[in-house]
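Position chain C against the provided structure of chain U, taking the given hints into account.
Going down the list, the sequences are from chains U and C.
Just so we're aligned, residue 1 is where the first sequence starts under my numbering, counting upward by one.
Just so we're aligned, residue 177 is where the second sequence starts under my numbering, counting upward by one.
If you are wondering where the hints come from, they were derived from the structure by calculation, not from laboratory data.
Incorrect hints may appear among the rest.
Computed beta-carbon distance windows for the label pairs [what the hints assert, rightly or not]:
id: 1; chain 1: U; residue 1: 155; chain 2: C; residue 2: 217; range: 33 to 39 Å
id: 2; chain 1: U; residue 1: 113; chain 2: C; residue 2: 357; range: 31 to 37 Å
id: 3; chain 1: C; residue 1: 274; chain 2: U; residue 2: 32; range: 58 to 64 Å
id: 4; chain 1: C; residue 1: 274; chain 2: U; residue 2: 82; range: 24 to 30 Å
id: 5; chain 1: U; residue 1: 113; chain 2: C; residue 2: 309; range: 49 to 55 Å
id: 6; chain 1: U; residue 1: 27; chain 2: C; residue 2: 387; range: 17 to 23 Å
id: 7; chain 1: C; residue 1: 397; chain 2: U; residue 2: 27; range: 31 to 37 Å
id: 8; chain 1: C; residue 1: 397; chain 2: U; residue 2: 151; range: 40 to 46 Å
id: 9; chain 1: C; residue 1: 387; chain 2: U; residue 2: 113; range: 33 to 39 Å
id: 10; chain 1: U; residue 1: 164; chain 2: C; residue 2: 218; range: 39 to 45 Å
id: 11; chain 1: C; residue 1: 192; chain 2: U; residue 2: 35; range: 31 to 37 Å
Think of the CB as a built atom: it goes at the ideal place given N, C-alpha and C, for glycine as much as any other residue.
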Amino acid sequence: MPSESDPVRDLAAVLREAGASARVRPERVVRSTLYDLDYHVALISCVFFITAGDEAVSRHRVVAHWLKILQFIAVRPSLLADFQIWAGTRRHQDLDTWQRMPRGYLGDETHDRTVELLVAGGLLAREGDELVAGSRFADLRRIYEDLVIRNLLHSERVTLLELSRTGVNKTLLKGT
Amino acid sequence: MASRSNLSDYEKLIGKLEGNAFEEEVCARLQTIFVGFQRIPAKPQGDGGLDGLSHGQERAYCCYGPEQEARKLDNKGLKDDIVNKFSGDMRKLFELEFENIKIKHRPNEELETIMGADRKITHIRLIVSWFDSHRVIGPLNTNFDKYKVASQLKFVNADATLTVWGPKDLAALGAVDEHTLFRIQNPALIACVQAASAAELVKNGGGDFDAKFDDLKQRRPESASKIDGIAQKLREAWAAAIALDNDLSKNSLGLHQVLESVRSDAALSAQVKSMSATDPYVLIDRMREEVADQFEQGFGNRFGPLTLRITQGIVAGLVGECPIDWRDDHA
Numbered sequence: 001m002p003s004e005s006d007p008v009r010d011l012a013a014v015l016r017e018a019g020a021s022a023r024v025r026p027e028r029v030v031r032s033t034l035y036d037l038d039y040h041v042a043l044i045s046c047v048f049f050i051t052a053g054d055e056a057v058s059r060h061r062v063v064a065h066w067l068k069i070l071q072f073i074a075v076r077p078s079l080l081a082d083f084q085i086w087a088g089t090r091r092h093q094d095l096d097t098w099q100r101m102p103r104g105y106l107g108d109e110t111h112d113r114t115v116e117l118l119v120a121g122g123l124l125a126r127e128g129d130e131l132v133a134g135s136r137f138a139d140l141r142r143i144y145e146d147l148v149i150r151n152l153l154h155s156e157r158v159t160l161l162e163l164s165r166t167g168v169n170k171t172l173l174k175g176t
Numbered sequence: 177m178a179s180r181s182n183l184s185d186y187e188k189l190i191g192k193l194e195g196n197a198f199e200e201e202v203c204a205r206l207q208t209i210f211v212g213f214q215r216i217p218a219k220p221q222g223d224g225g226l227d228g229l230s231h232g233q234e235r236a237y238c239c240y241g242p243e244q245e246a247r248k249l250d251n252k253g254l255k256d257d258i259v260n261k262f263s264g265d266m267r268k269l270f271e272l273e274f275e276n277i278k279i280k281h282r283p284n285e286e287l288e289t290i291m292g293a294d295r296k297i298t299h300i301r302l303i304v305s306w307f308d309s310h311r312v313i314g315p316l317n318t319n320f321d322k323y324k325v326a327s328q329l330k331f332v333n334a335d336a337t338l339t340v341w342g343p344k345d346l347a348a349l350g351a352v353d354e355h356t357l358f359r360i361q362n363p364a365l366i367a368c369v370q371a372a373s374a375a376e377l378v379k380n381g382g383g384d385f386d387a388k389f390d391d392l393k394q395r396r397p398e399s400a401s402k403i404d405g406i407a408q409k410l411r412e413a414w415a416a417a418i419a420l421d422n423d424l425s426k427n428s429l430g431l432h433q434v435l436e437s438v439r440s441d442a443a444l445s446a447q448v449k450s451m452s453a454t455d456p457y458v459l460i461d462r463m464r465e466e467v468a469d470q471f472e473q474g475f476g477n478r479f480g481p482l483t484l485r486i487t488q489g490i491v492a493g494l495v496g497e498c499p500i501d502w503r504d505d506h507a
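Only chain U is shown next, with the shape it has when bound in the complex (with noise of 0.2 Å):
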């Protein structure tokens, strides 16, 4: 049983009190964009245009779960100072820097299966553990050039250049 000081049935009757007419509009509940396949393509077209190396080198290439880990944390940019704790210590690790790293990533199937997309629709191309560019990969260039030109997704790519500088290694994901 609610209180009676339960703030919300208190709304309730003021509301009737005023005479006021209330709606629901459940259109506007506004699903969070972190189930938006749009804004996974987009995220995904950042950390390769960013954190992928220099095309003119070789081809930009990622392993899968370090893009899946760099986009999670390009929208969480409060898990930015711990990660990179524990990177830092990847050779020394003791479970205070351990528990730092970001494990909810692993929850994160909207990416999967945003990556499974690109695959299919040949933006992307699997090689082993890594992800690399597909034969449509110039798609993937516009949709992250149309971002910068409209300074979309600033924050996600401010954190991601950050993380740029962090070198991947496999023995980092070990265990994860």
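Chain C only, in chain U's frame:
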């Protein structure tokens, strides 16, 4: 009734906690069992040697979650740690200290500010996370008797008694329900929801949220302060719901999706059920019921007493994010 499996799980989990985490869980457990349990904050002035009081300040609780290093578990190091820690706590309660090897009176000014006038402790309960050896009981009782004789007994009754408890005793103290297990498994999540503050999370004043309450105040100027109070309570609850959302989005996307569904399903369901309702009370109350039902379906009783605050916060969020409106010009 608590299942044997839950009791056993709780006993194992609390037995692994150390330091502040152990103390916080013990206090949370005792708060659910004893209505009058009073936790004693250690900061900023110190706890005077006490972690909690109950039964009208007659029962005192001291906790200790020692570091359980493997090397200590196999020898008497851990036993000595426990005896030393609790003996120190008891000396504070008895207002004593060692000067060289001699024991002498030392006023406990902090305890003076904790204990009510003319109240005295009649039972001291020492609660430790590692209680696999009975060998701590003898030395602690010996010290207890010794301190009682040396003390001026300002805060402890002359007939006071002592017991030592471990994880098994805490588990057997009362029901170990879904919330108790979830709390001990996710202390950081529970702490962040508990500590959520509107001042930190709703920095921009809530946008539409504030506009809606301003509209309500214009309609009912005589109730302006009451409406402000309601808005503030809802903001605080909203902060808790946002803290939960943030934590789940970082640590458990599966549960985060459940929370997302609670919001959207509750809004849809409340709209359908209140289609013929013209009374705003019915609509908002339906919404509250729907959120509570959907939240219970998704999370069960994992959040225990925090559930009400979270469900209120979800409704507040629906007010702030537009789905619930009552302004005429937003029809």
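Output the indices of the hints that this structure fails to meet, ascending. The structure conflicts with hint 4 only, although it agrees with all the remaining ones.
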